[in-house]
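The numbering of the sequence shown is my numbering, which starts it at 401 and goes up by one.
The set of hints was computed from the structure by calculation and includes no laboratory data. Take the hints with a grain of salt, since some may be wrong.
[To be verified] Derived DSS-like pairs (lysine-lysine); straight-line CA-CA distance at most 25 Å: (1) 475 with 418; (2) 402 with 418; (3) 404 with 418; (4) 478 with 402.
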Amino acid sequence: MKEKILDAFKQLGFSLIKTDELGYGFSCEGTNLLYIPNSEDEDFLNISVPCVCDGESGRSIPLQELAERVNAMLKYVKAYRLGRTLWLFYERELLSEENLPQIISRMVVRLEAASCFVHYFLVANDNVQANIETGISVLPNEKAI
401 MKEKILDAFK
411 QLGFSLIKTD
421 ELGYGFSCEG
431 TNLLYIPNSE
441 DEDFLNISVP
451 CVCDGESGRS
461 IPLQELAERV
471 NAMLKYVKAY
481 RLGRTLWLFY
491 ERELLSEENL
501 PQIISRMVVR
511 LEAASCFVHY
521 FLVANDNVQA
531 NIETGISVLP
541 NEKAI
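All chains, please: the whole structure from these sequences, using the hints.
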């Protein structure tokens with residue numbers, strides 16, 4: 401199944417780069433994402449946006465509370481605090497004959513939307529700007545901190 405998934409990414413025009421241990425990195429419209437294969441269950445698809453925001457300094461809302469708000473407000477995409485960073489995940493079990501390119505494209509779109517949601521939530525609450533290196537850009541008329 402992993403080969404079918406990799407082929408579906410290729411059909412969609414994504415250039416996947418093998419990372420050391422996590423899986424395959426790729427970018428979509430400025431957002432960096434990871435496809436994380438599950439060696440114990442190849443019928444399980446996991447795509448994430450790593451490090452949507454990092455650290456706690458200067459932020460009026462702790463990462464754990466931000467993750468809880470994302471999880472309560474958004475469908476499909478879930479936020480988890482990993483160390484001092486917030487990651488977004490979309491995980492899905494694959495059934496036998498599904499349209500993988502369609503599934504992957506929908507997952508990526510929802511992850512991008514969730515990433516924007518986190519960014520706008522932080523900006524609206526006067527928090528530190530999200531990490532630009534993860535693909536979240538600064539809004540017009542804003543300064544990077």
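We went through each hint and held it up to the structure:
no.: 1; hint: 475 with 418; in the structure: violated (29 Å)
no.: 2; hint: 402 with 418; in the structure: holds (13 Å)
no.: 3; hint: 404 with 418; in the structure: holds (16 Å)
no.: 4; hint: 478 with 402; in the structure: holds (23 Å)
Against the hints set out earlier in the document, a violation occurs for number 1 only.
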